[in-house]
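One line per chain: the protein sequences are A and B, in this order. Just so you know, we're using full-length UniProt numbering here: the first sequence kicks off at 1 and counts up by one. Just so you know, we're using full-length UniProt numbering here: the second sequence kicks off at 1 and counts up by one.
It should be emphasised that the hints constitute simulated quantities derived from the structure, not laboratory data. Treat the numbers as computed from the prediction; the structure is a model and nothing was measured. Each residue gets a CB set at the ideal place from its N, CA and C atoms; glycine is no exception. Warning: the hint list may mix true and false statements.
These stretches of chain A come out as covered by chain B in the derived footprint (C-beta under 8 Å, 3 or more residues) [unchecked claim]:
(1) 244-252
(2) 259-268
Straight-line alpha carbon distances no greater than 30 Å define the calculated DSS-like cross-link-like pairs of lysine-lysine that follow [as the list claims (entries may be wrong)]:
(3) B:Lys-237 - B:Lys-191
(4) A:Lys-242 - B:Lys-120
(5) A:Lys-242 - B:Lys-119
(6) A:Lys-242 - B:Lys-89
(7) B:Lys-53 - A:Lys-242
(8) B:Lys-215 - B:Lys-191
(9) B:Lys-144 - A:Lys-373
(10) B:Lys-144 - B:Lys-119
(11) B:Lys-215 - B:Lys-55
(12) B:Lys-144 - A:Lys-242
(13) A:Lys-373 - B:Lys-89
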Amino acid sequence: MKNSFLIRNPSTLWFLLALSLFTIGVTILSEAGLGIMSTSFVKTLGKTLCLCLIAVAMDVVWGYCGILSLGHFAFFGIGGYAVGMWLMYARTEGIVLEGFAAQTIPPTAQEITDAIGNQIFGVVGSSEFPMIWAFSDSLFMQLMLVVLVPGLLALLFGWLAFRSRVTGVYLSILTQAMTLALALYLFQNDSGLRGNNGLSGLQNIPGYENTPQSTISLAFFYASALAVALGYVLFAWITSGKMGSVIKAIRDNESRVRFLGYHVESYKLFVFTITAVVAAIAGALYYPQAGIINPAEIAPIASIYLAVWVAIGGRGRLYGAVIGAAFVSLLSSWFTGGGAPAIPLGFYTIQWTDWWLVLLGLSFVAVTLYAPKGIGGLFDYLVRKPS
Amino acid sequence: MSTLLEVDGVSVSFDGFRAINNLSIQIGEPELRAVIGPNGAGKTTFMDIITGKTKPDSGRVTWGDRNISLLGMSESEIAMEGIGRKFQKPTVFEDQTVRENLAMALRNPRGPFAVLFYKKTLEGAARIEEIAEEIGLSDSLTRKSGELSHGQKQWLEIGMLLAQDPRLLLVDEPAAGMTTAERELTTDLLKRAAKTRAVVVVEHDMEFVRRLDCKVTVLHEGSVLAEGSLDHVTADKTVIDVYLGRA
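Bound-form chain B, shown alone:
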């Protein structure tokens, strides 16, 4: 396992409030990592920084084998580097079919003219079928994604991430609003994805994290409070005080 992403000493403030405070995290490849923490711990801001949505005040974010800096790159450039993101609220393009959603995410040239003259390929169609199979939406390819259930939308969004074929997947609360059965499928999906790439899951739900069975990073007030197996961190005195004790 080699280091894929290194966040080093990153801080960011919003109107004087320190959302992220000297945060350092390393993600390997392949790896499945869960990031937990109470509300306002900076979990979403952490993802915003990696994906280029928020610019940090200080610190470094280095990526890949050549250790390039992600700071100063635009969201689309970072996405093309191989970082995919799933948002907390499922955001699929509801007006378009499942197939169109997946086709848009497929790893292909992204320039306007390349897209304008894009022709469907057999490989592309096969890849879409394959992903649809993986996320359990094979029968729904021609349906408008707005018609899908909440859980199916979450899966479609994960499917879109897989279609991008990223090296790092950032997944924000994938299990929110899911039934128990749906959660199990989601866990399996993420575990399978993490065999070949890095997957970082931000989650509130401890049961879900337990099922992921992976290394856990606990965030608190914008920095790392504890890191290790779930049993290790839940036994940690400070973690119990700031997080679990309040639950």
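So here's chain A without its partners, still in its complex pose:
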């Protein structure tokens, strides 16, 4: 079954091949191999893979099912926070225990908890563990929360929105409101997640203190590549066959699908929720590589960028989303990171950190107007479709 599915979808096989070659290439160039590529660049590539994964999810919900969600980065962020809580707790616990080790009288459990609480929440003037940190000492539980919290949030939000038949731009606004509300809530110091400080030091993996970052970064890079591969195959499977037919039909004419006897809301809810869960998994892999997460990551603009990546890469084809996310986010870090040389015009100097967004905006408009198929559309010239 699996084999026949892959054979029927050669673009998936090509994608997996390209991803494998890319992974091997990075390994060879990294410090584990030739040492040409810096550890920080390996991290950038690993993070980019996570962005590709959320872009694929976005493509399924928007490009295939026609739901322009401008809130999927909320799920990405929740995934990051959920895994970040364990990373921060476990690492702080290690440091605290080390501090107590010098004392002659062994500390009580309460003293240890207080000390950890002080370390983590001192920055927001507190030392109490909020309720939501109840499972932070358990990696397993926090990993479960990576999936459960965004899954249930998407299920609840989607159920309310789709049941009331909110569609089109109104739904987009609702999803924006959802991510904005979440970001504003997290910005508060008493949200229990350290307000605007967010969670930091996430690149230090508890239990691997003596492992060099070059090795850790490569491990996360592999994990991200694996997640992209699995996510891609999952979504390629969902969007092919009859399921793909129905969700594309919902995108093109929702009420007609209803008269065919399909319960459109269930399908939308299914797609919205499963993409939210995958977005959260992408976030859980992204933030240990980024090292820090704060509420600004969940700001509405992040989800809008996501839509821009997918539009530029080419909606309605999964590899298009991957290309868009990789291309635009790498280009963005090149421009904003000072990689692009400033252009002196005599009377004015173009600083790309300021002008990159203008360039991105113009490209978005240009793609929408002149190349609605995006970069991925170029592949249509390479592959002639059998008629």
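The hints should help you fit chain B onto chain A, whose structure is shown.
Here is chain B on its own, set in the frame of chain A:
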């Protein structure tokens, strides 16, 4: 012939305008019925009410052998009860092939998980071939339905209705924009379908209705003006006044 659908005393208003006014119609099974009437007579609203798109202000719509009420059921539930609808404007999924369009309409479980794990069956494929034959699109199964001509799209949509295997087919202006030859094929198609199920055709074109050769219901200002054979209703004085006289 037993009663399949009974619309009884149904009224609906939009912003004070009475689109349907105390309308009562009975459809038997099997039966071919034409519904005619001038613009604004409430023909499309009548279909909207039966298929669950519009909720009436008063009246009853009962269905089937157990006389269940269709009011309060969702569009998809009504469709699963066995009522298929073809819209005035051909609405097929243009981005997908003829085969995919028909496969989506085939009578199979409709839940997301059933569809996700759906496997193509030989019976399903045979049924698609059979319907394609019936609607004259056997050679076009792998074509994108967006490439079809206007008439072929209309047939594909009728084919999708047949694939649903409904007990009642509601067909809104099937002949609009068709050539004379296409119309004849469409008439035959509908007549054949009406041998085993109920088919209600809403139409403007009197010639087309004449060719259907069936009982005719004339709607005017949201209620039934006359009912009977085409010759009977066209001889009716009030019908001539409100409808034919203006044509």
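Worksheet entry | Hinted pair Lys-144 of chain B and Lys-242 of chain A, Cα distance within 30 Å | holds (16 Å)
Item to complete: Examine the region 259-268 of chain A: at least three residues should have C-beta closer than 8 Å to a C-beta of chain B.
Response: Holds: 8 residues of the region 259-268 of chain A have a Cβ under 8 Å from chain B.
Worksheet item: When you check the alpha-carbon spacing of Lys-215 of chain B and Lys-55 of chain B, does it fall within 30 Å?
Response: Distance ~27 Å between Lys-215 of chain B and Lys-55 of chain B Cα, so the pair holds.
Practice prompt. Sort out whether Lys-191 of chain B lies within 30 Å of Lys-215 of chain B, counting only the CA atoms.
Written response: holds (12 Å)
Item to complete: Starting from Lys-144 of chain B, check that the Cα of Lys-373 of chain A is at most 30 Å away, please.
Response: holds (18 Å)
Fill in: Restraint check for Lys-242 of chain A with Lys-119 of chain B, where alpha carbons must lie at most 30 Å apart
With a Cα-Cα distance of about 9 Å, the restraint between Lys-242 of chain A and Lys-119 of chain B holds, given a limit of 30 Å.
Worksheet item: Has the given pair, Lys-237 of chain B with Lys-191 of chain B, been kept, meaning a C-alpha gap of at most 30 Å?
Response: holds (29 Å)
Worksheet item: Between Lys-242 of chain A and Lys-89 of chain B, is the straight-line Cα distance small enough, at 30 Å or below?
Response: Holds, because 25 Å separates the two Cα atoms, which is no more than 30 Å.
Worksheet item: Does Lys-144 of chain B pair with Lys-119 of chain B here, judged by a C-alpha cut-off of 30 Å?
Response: holds (22 Å)
Worksheet item: If you look at each residue in the region 244-252 of chain A, do at least three have a Cβ nearer than 8 Å to any Cβ of chain B?
Response: holds (count 5)
Worksheet item: Is Lys-373 of chain A within 30 Å of Lys-89 of chain B, Cα to Cα?
Response: Holds, at roughly 27 Å.
Worksheet item: Quick one, are Lys-53 of chain B and Lys-242 of chain A close enough, alpha carbons at most 30 Å?
Response: holds (25 Å)
Hint compliance for this structure: every hint is met.
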